[in-house]
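The sequence shown lines up with residues 1 to 187 when you count with my numbering.
Keep in mind that the hints were calculated from the coordinates and are not lab data. If a hint is listed, it holds; no wrong ones were tucked in.
Derived BS3-like pairs: lysine-lysine, alpha-carbon spacing no greater than 27 Å straight-line:
1) Lys151 / Lys111
2) Lys2 / Lys28
3) Lys104 / Lys30
4) Lys151 / Lys107
5) Lys2 / Lys107
6) Lys104 / Lys117
7) Lys28 / Lys111
8) Lys151 / Lys116
9) Lys116 / Lys147
10) Lys151 / Lys2
11) Lys111 / Lys30
12) Lys117 / Lys147
13) Lys151 / Lys117
14) Lys111 / Lys2
15) Lys151 / Lys125
16) Lys92 / Lys117
17) Lys104 / Lys28
18) Lys107 / Lys92
19) Lys147 / Lys2
Now the in silico label distances, taken between C-beta atoms and shown as ranges:
20) Glu120 / Ile37: 22 to 28 Å
21) Lys92 / His10: 20 to 26 Å
22) Asn64 / Asp181: 34 to 40 Å
23) Lys107 / Asn44: 16 to 22 Å
24) Asp181 / Asn68: 30 to 36 Å
Every residue gets a Cβ at the ideal spot worked out from N, C-alpha and C, and that includes glycine.
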Amino acid sequence: MKILFFTDGHLVSKTNVNRIDNLPETQKLKLNELIDICTNEDINLALSSGDIFDRHTPAITTMNTFTNFVECLSVPFILCPGNHDLHGYNYKTLETTGLGYTCKLLKTYNKITLMKKNNEFIDVKDIRIHFKETIDKHPMKDFIVDKTTNKIHIGLIHDMVYNEDFFGTVTQYSDFETNLDIMFNGH
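Based on the sequences and whatever the hints tell you, model everything.
Next comes the structure, spelled out in structure tokens:
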């Protein structure tokens, strides 16, 4: 199975003053590149670790950019929310955010799966994708899952787990305990 992973698109409706390009148009081009990769490279599944939008209440034009992207994908798309997709780091607010709304709309067309329940998992062919809620103020230290199946176990989180602790507040891989076969994280 071939998986395309991307994260932290931070889609916006306006270009910030420090950019020399038109950021929303650049982001659309990048999303089109992902669509082309899925088609041309025989990708079976797309995954994202969140921060689809730059804020939890994106402009309608920004939500349209995202829905157009998902509608054009030729593969199933599974994602989890990032801190920018939530209001105040609160998973209970997800249904009232731009990500919650667009995913609910797209789910009716079987185009997307938003993982939002702590310790939720989804089976896709020979893999099991696990999700665990994370909040940046309390960095994740472990991600242990039940591996009683013969599947490949993938973790999908939006938390800082890095090789080096350059902020003094993130978890390093050397201090992170997991039995996952693969872990994808955001930031």
